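S.K.: Chains as they are written, first to last, in the numbering used here: chain P, 1 to 138; chain V, 1 to 146.
Derived from the structure by calculation, the hints contain no laboratory data.
Source: prediction; values computed, not measured.
Backbone N, C-alpha and C define an ideal beta-carbon position, used for all residues, glycine too.
There could be a bad hint or two in this list.
Here are the computed distance ranges between Cβ atoms for each label pair [stated by the list, open to error]:
{"hint": "1", "chain 1": "V", "residue 1": "K66", "chain 2": "P", "residue 2": "R131", "range": "28 to 38 angstroms"}
{"hint": "2", "chain 1": "V", "residue 1": "P84", "chain 2": "P", "residue 2": "K132", "range": "20 to 30 angstroms"}
{"hint": "3", "chain 1": "P", "residue 1": "M122", "chain 2": "V", "residue 2": "T88", "range": "16 to 26 angstroms"}
Here are some chain V residues pointing at chain P (derived, C-beta under 10 angstroms) [claimed, not checked]:
{"hint": "4", "residue": "N14"}
{"hint": "5", "residue": "P30"}
{"hint": "6", "residue": "V34"}
{"hint": "7", "residue": "Q50"}
{"hint": "8", "residue": "Y98"}
{"hint": "9", "residue": "F133"}
{"hint": "10", "residue": "E139"}
Listed here are the chains, written in short residue letters.
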Amino acid sequence: MARGGPFTGHAHFWERSMSRRRFVATSAAATGAALTSGLWLPILAEAAPFNEADPMPIPTGTLLPFAPTPFRFFFPGPGHEVSTIGDFKGFVGVADVGQTTGRDGTGRSLLWKADVRLMQGMFVGTEGDTRKGTFAFV
Amino acid sequence: MPGNQIHDFNPGVNGGTPFEAGLFWTMPLPPGSVHVDMADKMASLDVSHQKIDDYGNVVRALTGAKELTRGTIDVELAWMGGAPANATSSTDNFSGQYLRGGTATLVWSAKEAASDAFPNGFTFQSDPGIADFAQFGTEKNGVFNS
Chain P
1 MARGGPFTGH AHFWERSMSR RRFVATSAAA TGAALTSGLW LPILAEAAPF
51 NEADPMPIPT GTLLPFAPTP FRFFFPGPGH EVSTIGDFKG FVGVADVGQT
101 TGRDGTGRSL LWKADVRLMQ GMFVGTEGDT RKGTFAFV
Chain V
1 MPGNQIHDFN PGVNGGTPFE AGLFWTMPLP PGSVHVDMAD KMASLDVSHQ
51 KIDDYGNVVR ALTGAKELTR GTIDVELAWM GGAPANATSS TDNFSGQYLR
101 GGTATLVWSA KEAASDAFPN GFTFQSDPGI ADFAQFGTEK NGVFNS
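For reference, chain V alone in the conformation it holds in the complex (with noise of 0.2 angstroms):
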């Protein structure tokens, strides 16, 4: 399966020394992204021509390959329902409050101009994808999890 993939987007691994200890695949949106409403059971994000990095493939995105080129996603993820579930890790210093086993929906699309890797240009819309696995909910780690 990653051997015929042609497109990876991600933000990169931010900063780390080696590259694997960076943060990961992680980006900063706008506080409008997200909506929360843990009484009704539902949480949403939405996020709308975020400029992102194509690397080609997933083995490029981890062992430090430059992207092919940069490109825009939308994406609409919304979570509903799902019941109560707690995980905590002291080796891991984490404890986390969620609603688990509930539906979540991703659509997103990608645009990309023409470039070297791409000459023509990429577009892709997808179909609504359902989770496998969904959660949501308040997690806590290292200084706040004392």
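This is chain P alone, in the form it adopts within the complex (with noise of 0.2 angstroms):
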């Protein structure tokens, strides 16, 4: 597939170049066919809200250039840590993945990237009692 038009990604922003994150970008604006929600969503499975089982965030974090203090997750890496949940103990797994080519509802070629990680097990919630919860980093 084509590589080089219209661009979909997730960059390693600051740390390889920048984004961390899912991303779809193009020179263009996206331009899908126009459908009605009902049709594009027809089934919505929704986790359960965060409420006041909340898992806390890691203590520490990365230092990003436009912020005095860190954000509470690590780039993927051999040494870092997967989770980005603080009092965790668990299942974790981490995929960073480079850019990559997709498709929108018109045909066109879109390139992404993305970091996706998992966490499954027990931490201590925002009120101090243990919890178990299935969690993703998207």
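The two chains are supplied separately, each in an independent frame; assemble them into the complex guided by the hints.
M.R.: Shown next, in the form of structure tokens:
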């Protein structure tokens, strides 16, 4: 698939260029076909919202140039903490995917990058009780 | 590269003061979203129709701007293989035992209804992406790492 066209990605900002998020980018505006929300969103499975059992962030993280204090994550790599949840014990996984192709609804090629993680296990919530939960860093 | 970014999907920063001190881009999922088989060196994450915010670009997402709209994503991520590796930090108070250097394949899609930011709506289907870095295993931090 051709590369170098409209861009969809997630870069490794600041550390390796800047984004660490899945992002979709292009030099032109998105031009997907107009359809109703009902057609697009037929079944919405929404996980339980954060509430009194919120997990807490890790206490340290990555200092980015524009912020006075660290964002509570570490870039993926050997020796770097995967979890974004503090007081956590359990299973984790991380996948850092570089520039990859895809297509929008019009068939146009876009580029993307992503850092996706999972965390499943025990954590101490903001109210001090220990809970079990499953989370994704997306 | 960030300059022509048009979508940035993430669940936001949850409840931090200052902004950057909140729980970062982390969202709860149903327990069945994750399957792990360490003996066979396999793990997977499957997310269907998960609501998520779209900030348009990562600069907006990291400077406390409001999301442009909300959509849904589907994510299929599978890890396989790897060699045992450990990590520990007394400074950051964590330790982990992982399988590192195997493969991880990510396929995802996104859907957005028409909105002020994206009048025509938006859909996206990725090709499979192979991770440049992948690891999975167990980790503990904070009170669990003492």
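S.K.: Each hint: holds or not?
M.R.: Evaluation of the provided hints:
1. Checked against the given bound of 28 to 38 angstroms, the beta carbons of K66(V) and R131(P), roughly 29 angstroms apart, stay inside it.
2. Restraint check, P84(V) to K132(P): a C-beta distance of roughly 26 angstroms satisfies the suggested window 20 to 30 angstroms.
3. In this structure the hint that M122(P) and T88(V) lie 16 to 26 angstroms apart at CB holds, the actual value being about 19 angstroms.
4. With 10 angstroms as the threshold, the beta carbon of N14(V) comes within range of chain P, its nearest partner Cβ sitting at about 6 angstroms, so the hint holds.
5. With 10 angstroms as the threshold, the beta carbon of P30(V) comes within range of chain P, its nearest partner Cβ sitting at about 6 angstroms, so the hint holds.
6. Hint on V34(V) holds. Least Cβ distance to chain P is approximately 5 angstroms, under the 10 angstroms limit.
7. For Q50(V), the interface hint holds, since its Cβ comes within 10 angstroms of a Cβ in chain P; the closest pair sits about 7 angstroms apart.
8. Taking 10 angstroms as the C-beta contact cut-off toward chain P, the hint placing Y98(V) at the interface holds, the least distance being around 8 angstroms.
9. A cut of 10 angstroms between beta carbons decides the hint on F133(V): the least distance to chain P is about 4 angstroms, and the hint holds.
10. Taking 10 angstroms as the C-beta contact cut-off toward chain P, the hint placing E139(V) at the interface holds, the least distance being around 5 angstroms.
No hint from the list above goes unmet by this structure.
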